[in-house]
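Q: Just so we're aligned: 322 in the working numbering is position 322 of the sequence shown, and the numbers increase by one with no gaps anywhere.
Note that these hints are calculated values from the structure, not bench results.
Treat the hints with caution; some may be incorrect.
Said to hold, decoys possible - Below are the DSS-like pairs computed for lysine-lysine, each with C-alpha atoms no more than 25 Å apart in a straight line: (1) 99 - 21; (2) 6 - 21; (3) 135 - 99; (4) 156 - 78; (5) 188 - 6.
Claimed, not checked - Label pairs and their in silico Cβ distance ranges: (6) 334 - 182: 33 to 41 Å; (7) 222 - 369: 40 to 48 Å; (8) 176 - 97: 19 to 27 Å; (9) 223 - 174: 25 to 33 Å; (10) 18 - 107: 23 to 31 Å.
Cβ atoms here follow ideal geometry from the backbone N, Cα and C, with glycine treated the same way.
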Amino acid sequence: MDSTSKIVIIGAGLFGLATAKQLASEGYRNILVVDRHMPPVPDGSSSDISRVIRFDYADEDYCNIAHDAYLKWSKESKYDGIFYPSRYILCGSKKSDTKSWTHKTTCQLDKRQLPWSPLQDAAAAKRHFPVLTGKLAGPDWEGYTNESGGWSDASKAITQLRNECLSLGVSFTAGPAGTVLGFNSDAKGVIKSARTLAGTLIEGDLFVLTAGAWASGLVPTYNSTLSTAQAVGYVRLTESEMEKYKDLPIYANFSTGWFNFPPHNDTNLLKFAVHGWGYTRAPSKKDNNTTATNISVPPALSRERPNFAPADAEERLREGLREILPELADRQFERVALCWYTDTPTGDFIMDYHPDYKNLFFGGGGSGQ
């Protein structure tokens, strides 16, 4: 493959745009990114008002990669107004696997000589963070705090990355002509073109599949991925509440999967979510699914059921609010949503050529990382 080879990237989320930018920076001049929408894609897992920026990982490789990324987020001026520093709490119940996880994570922080502080119990956490008024993950508390963390305005970050791609000469196709339904390949497993909802063909030399939770509907993933929906909730705050909760940390309960973000200044929204086993969805006829029917896929239409989450998910969202800010636990939600992840058995990314196609590189398996 040379600099004039046509590279077709299916999926305009973080993985797809980062790939396009890197390849364009290396001199490749014929790059096309396709998706149902121009990025930020409304229901993509890398869009919305916020994503956590942290390097608290029990795995050494992920800790190293994430810390290197954190340094860029926190130090480069181009992220001003996109990245917001915030303190981070990882906690849970000693009765779960939290103690083992926090121990492994803090060992990785120690390896890189990164500071963290133990929080002996829920009372210590509340002394450290007076804004927290609930019982927290007590009484069997296990946890620590990291003063170096933060969150990004995800849609602003994706918009910036998209614009960087455009400035490097990357092309985009969106709408029906950018909605890929499947691939045409020869007898040797070489993809010649991608079929679209518009009935057109997109030819290419190399295809990169970064379609997130939608990828398993385009190629078989052989039990290496599972698309799951995770519940997200939002509460609107008054101006006085925005001031009251301005120092709210990112609080993640490893035992329940519940976590929150600090208030979002542009929208006055407090966002929180539950990362658990998630929910699955069987394909329907309008998904135009080209692989098996015994898989889980997100809806083909963006936010097919807007402002929806299962009743038990809403209750778990409220339980988490009650744990840290009980005064907001019964507040009417501004909205709820389902965010689609691509989970893998080990929680690791998948970055490799697909075994069935010689010129299809698969990038995904974000697993809510």
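Q: Of the hints stated earlier, which fail here?
A: Violated hints (numbers, rising): 1, 7 and 8; every other hint is consistent with the structure.
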